[in-house]
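Participant: Protein sequences, first through last, are from chains A and B.
When we follow this note's numbering, the leftmost residue of the first sequence carries the number 20, and every step to the right adds one.
When we follow this note's numbering, the leftmost residue of the second sequence carries the number 20, and every step to the right adds one.
Hints are computed from structural coordinates only; laboratory data are not their basis.
This structure is a prediction, so every number in the text was calculated from the model and none was measured.
The beta carbon of each residue, even a glycine, is placed where N, CA and C say it ideally should be.
Mixed in with the good hints there might be a few duds.
Sample of chain B residues with no beta-carbon within 10 Å of chain A, all distances over it, derived [said to hold, decoys possible]:
| id | residue |
| --- | --- |
| 1 | I112 |
| 2 | P263 |
| 3 | T308 |
| 4 | M337 |
| 5 | T527 |
Pair ranges (Cβ atoms, derived) [claimed, not checked]:
| id | chain 1 | residue 1 | chain 2 | residue 2 | range |
| --- | --- | --- | --- | --- | --- |
| 6 | B | R257 | A | D61 | 24 to 30 Å |
| 7 | A | V319 | B | S397 | 28 to 34 Å |
| 8 | B | N306 | A | D61 | 53 to 59 Å |
| 9 | B | R418 | A | I66 | 29 to 35 Å |
| 10 | A | V319 | B | P371 | 30 to 36 Å |
| 11 | B | T379 | A | Q512 | 28 to 34 Å |
Number of protein chains: 2
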Amino acid sequence: MAAVKLNVLHWHLTEDQGFRVESKKFPKLHTLGSDGLFYTQDEVREIIAYARDRGIRVMPEFDIPGHSTSWLVSYPELGSAPGPYKIERGAGIFEPALDPTREQTYKFLDSFLGEMAALFPDAYMHLGGDENEGKQWDRNPQIQAFMKEKGIKDNHALQAYFNQRVLKILQKHHKKMIGWEEILHPDLPKDAVIHSWRGPASLAEAAKRGYNGILSAGYYIDLIFPASQHYLADPIPRDTTLTPEEAKHILGGEATMWGEWVSPETIDSRIWPRTAAIAERLWSPRNVTDISDMYRRLSVISRQLEELGLTHEKNYGMLLRRLAATENTIPLRTLASIIEPVKEYHRYQMRPQTMLSPLTGLVDAARPDSETARQFVSDVDAFLSDAPRFALNRPNLERTLAEWQNASRALGPMVDRSPALQEARPLVNNLSAIAEAGLEATSYLTAGSAATTQWRDTQLARLNEAAKPNAALEFVVITSVRKLVIAAAELPQLRSTTPVEWNNRVTTMASPPPPATKP
Amino acid sequence: MAAVKLNVLHWHLTEDQGFRVESKKFPKLHTLGSDGLFYTQDEVREIIAYARDRGIRVMPEFDIPGHSTSWLVSYPELGSAPGPYKIERGAGIFEPALDPTREQTYKFLDSFLGEMAALFPDAYMHLGGDENEGKQWDRNPQIQAFMKEKGIKDNHALQAYFNQRVLKILQKHHKKMIGWEEILHPDLPKDAVIHSWRGPASLAEAAKRGYNGILSAGYYIDLIFPASQHYLADPIPRDTTLTPEEAKHILGGEATMWGEWVSPETIDSRIWPRTAAIAERLWSPRNVTDISDMYRRLSVISRQLEELGLTHEKNYGMLLRRLAATENTIPLRTLASIIEPVKEYHRYQMRPQTMLSPLTGLVDAARPDSETARQFVSDVDAFLSDAPRFALNRPNLERTLAEWQNASRALGPMVDRSPALQEARPLVNNLSAIAEAGLEATSYLTAGSAATTQWRDTQLARLNEAAKPNAALEFVVITSVRKLVIAAAELPQLRSTTPVEWNNRVTTMASPPPPATKP
């Protein structure tokens with residue numbers, strides 16, 4: 020973090036799936052709520068001191084009233100439904116929430132947060148507040164009666180009531196409150212800070228209403244989007260409607276890494292090097308947006324980060340060796356270099372796992388931002404822009420496509436040998452189809468001989484098939500291969516148009532991808 | 020160690036270049052003698068406990084009377100020549116030695132070794148004793164007078180006198196003595212153990228004279244010999260002259276790793292996976308000698324060792340990325356896969372460094388036992404054995420040679436960009452020559468058209484040039500390429516002989532390599 024000038028570690032310490040900090044006042048919280056995987060207070064102090072020596076603040080988060088299953092394992096009486104509770108092993112949004120209507124809840128929080136306020140010297144404390152759908156509240160007659168009695172009209176208002184009570188506790192312990200954007204409510208005092216995760220609109224709205232805010236929407240690095248996308252997300256975008264005075268309420272941004280799909284082996288590759296691009300965004304004027312120069316520098320920074328001990332490159336090699344069950348991972352590396360994990364949280368549906376599942380699949384090795392893929396996209400564009408000669412970048416293009424073809428051949432036996440690679444078999448077949456389509460198209464174009472529409476449609480159908488995710492992985496070069504295929508069939512049109520127009524036409528036909536072939 | 024069933028850690032704690040263990044009785048030893056790089060007694064206890072939990076004994080070595088410069092930095096009065104002494108920064112054999120004629124020396128050792136005897140619970144203590152050439156003794160009149168007075172006829176006898184004195188100290192502290200083979204002397208008591216490092220002959224001699232012994236000759240893993248060589252070294256070789264009774268004196272063997280040319284980044288690749296082959300040797304019957312099966316299993320063990328956290332593969336990638344200054348290290352990896360560091364201690368002369376020099380060169384990345392090289396050697400043999408058809412393994416052979424050619428082309432610009440790779444330029448040129456010779460020879464052979472002797476001699480001259488080490492690295496495929504070249508020119512002889520005879524003839528002509536072309 021210090022190497023890229025990030026200066027606040029927001030440490031999300033409690034979740035449905037684990038209570039990760041030692042409490043001396045309520046030791047059952049971490050002993051029963053963590054599978055033994057928690058930070059002792061000594062370790063917390065060590066981390067805070069280590070961070071402080073590097074100019075980094077440590078802000079803890081205790082996520083309430085939702086996301087609190089692990090608290091309720093040992094203190095079910097704090098919940099809004101009767102227990103018993105178990106540590107959650109799935110990922111998603113769950114019902115358990117603290118009961119905001121009982122004084123006991125606030126007594127407990129006063130004591131616990133007081134202990135944490137003494138442990139964490141930072142001025143701020145993050146209390147979460149996100150994704151509480153209030154289902155337990157809806158079903159609890161006592162809570163419903165409380166709301167009626169107090170004139171609290173809905174769950175959002177009930178959470179606002181909860182926040183006001185908790186804010187007073189924090190003030191007593193001399194801490195300022197931060198919460199996820201759901202805490203925004205007319206009754207929320209102005210000294211709370213809004214942490215926006217769903218989009219910049221809520222951040223702008225908060226700023227207009229006089230709240231300070233932080234942007235995380237756009238910086239969710241666990242979603243496996245490319246660095247370029249994060250790099251272009253600005254906490255105060257070009258089209259902002261904020262006045263300069265309002266804009267001062269935007270404190271900055273935060274890269275957000277969640278832990279469902281990471282292990283000690285993979286976490287570095289999920290955070291780095293992309294977070295360096297986010298750090299540069301947050302320290303740069305809005306008009307610094309040169310993506311290709313960002314990638315050029317990111318590659319250098321990535322190796323500097325490796326020198327500092329990060330394992331995003333080292334463990335990539337290790338994961339591939341384990342999957343390939345051989346030291347010669349070149350064919351697998353070739354495949355991995357043009358596939359990426361599915362974006363957003365689609366992995367949940369496509370490759371279901373629990374929190375106890377191993378994270379050792381090809382999807383865990385694969386990473387976004389492949390330089391090979393970027394180079395291929397750029398080679399195809401250069402090659403097609405050189406119509407009707409089709410000489411520019413042709414050797415690169417042909418070499419790359421031939422490498423894919425060779426890799427797909429070598430991968431067949433490798434998949435046969437490796438149980439862990441079984442799920443990659445469709446990807447290997449698709450790699451072969453992609454390489455063949457690309458090579459044949461290139462060959463048509465360089466020979467100046469048009470492909471038939473029948474050939475084109477066959478190839479496009481295969482590419483559409485290859486575009487579907489497998490093993491929660493997807494190819495990132497399909498659009499460019501599609502361009503080559505379409506261009507090969509569009510060769511005759513070159514006679515009646517300028518190369519630039521022709522190229523634009525091909526590009527338009529090739530992207531966005533045609534809709535899925537559902538009936 | 021536990022993973023491959025090694026059960027004694029021999030821990031060489033003192034050397035000319037550093038005194039690596041904390042002494043509470045003589046703290047100047049480690050503070051002035053170590054640059055601050057020493058193990059505290061708490062750390063020592065932690066290591067001993069960690070080892071014990073895994074069934075591993077920890078035997079410390081305090082190397083005396085030679086190899087003791089770092090002791091004399093703080094206690095020059097123990098030396099055989101006046102001080103002051105400085106921590107040694109070079110590698111090799113140095114003159115400083117403890118003075119065996121002064122009672123103060125034994126008083127000091129009694130106190131220090133007593134402290135260490137309490138720290139290390141193992142029954143044995145290793146006192147070194149190696150490589151003391153006695154030059155300080157020769158020049159010290161007081162020592163010469165002492166020898167004359169006591170009737171000690173030479174330095175070897177003086178060291179034996181020293182050993183007898185020290186052995187009594189160890190006995191007082193209830194330890195048994197081990198020393199390097201130089202301690203062997205008629206006056207040496209029989210309960211000392213002989214540690215053989217120069218060859219199995221001294222071990223056998225010791226056993227015949229009734230001493231227990233350990234073999235390290237043959238297992239010097241810092242010399243960068245291939246695993247196959249270590250695997251075939253047996254503590255009790257097939258041609259042993261020992262009787263079964265005498266053979267019982269051979270306690271086993273020890274893989275010996277010295278620290279001059281390793282850093283935390285490289286040490287794992289110098290120890291592993293080769294030491295697994297040595298461990299198997301030491302636990303196996305003498306007739307288990309199948310090299311190719313050993314390599315097959317070593318590759319599996321290597322990945323298992325990586326799973327346990329060793330960095331011999333991970334850091335290889337990192338070192339290559341650092342040298343290449345890019346993530347795409349394939350061409351450099353191709354070169355590195357067929358070169359090895361020079362053997363023995365030739366690196367000292369070829370690429371002089373001090374103990375303070377960085378260990379980040381190509382020679383530090385390169386490793387022995389390349390699978391690529393073994394495969395190439397085997398492909399060439401199969402291809403030539405298939406005379407006059409020359410079809411067997413030909414695709415493999417041609418693909419490998421073409422890869423070398425491609426790599427040599429890609430490496431030119433890479434070397435231009437990387438200051439750290441400048442020294443590798445001759446290797447890149449030689450890689451190109453090797454690939455060209457191999458490809459042309461293969462082409463002659465498959466076409467059945469004989470190469471001229473002029474072509475052969477030109478190629479052999481280039482291969483002889485390529486066989487010379489550069490940057491302390493040498494190619495390990497030259498002999499096989501030489502075979503191809505000679506075979507291409509020997510094609511006409513195939514008509515007048517059987518393929519097997521022809522193949523033998525080619526092999527004989529190609530190896531051993533012709534002498535260097537000195538006038």
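Participant: Give me the numbers of the hints this structure contradicts, sorted from smallest to largest.
Facilitator: Of the numbered hints given earlier, those the structure breaks are 4, 6, 7, 9, 11, listed in rising order.
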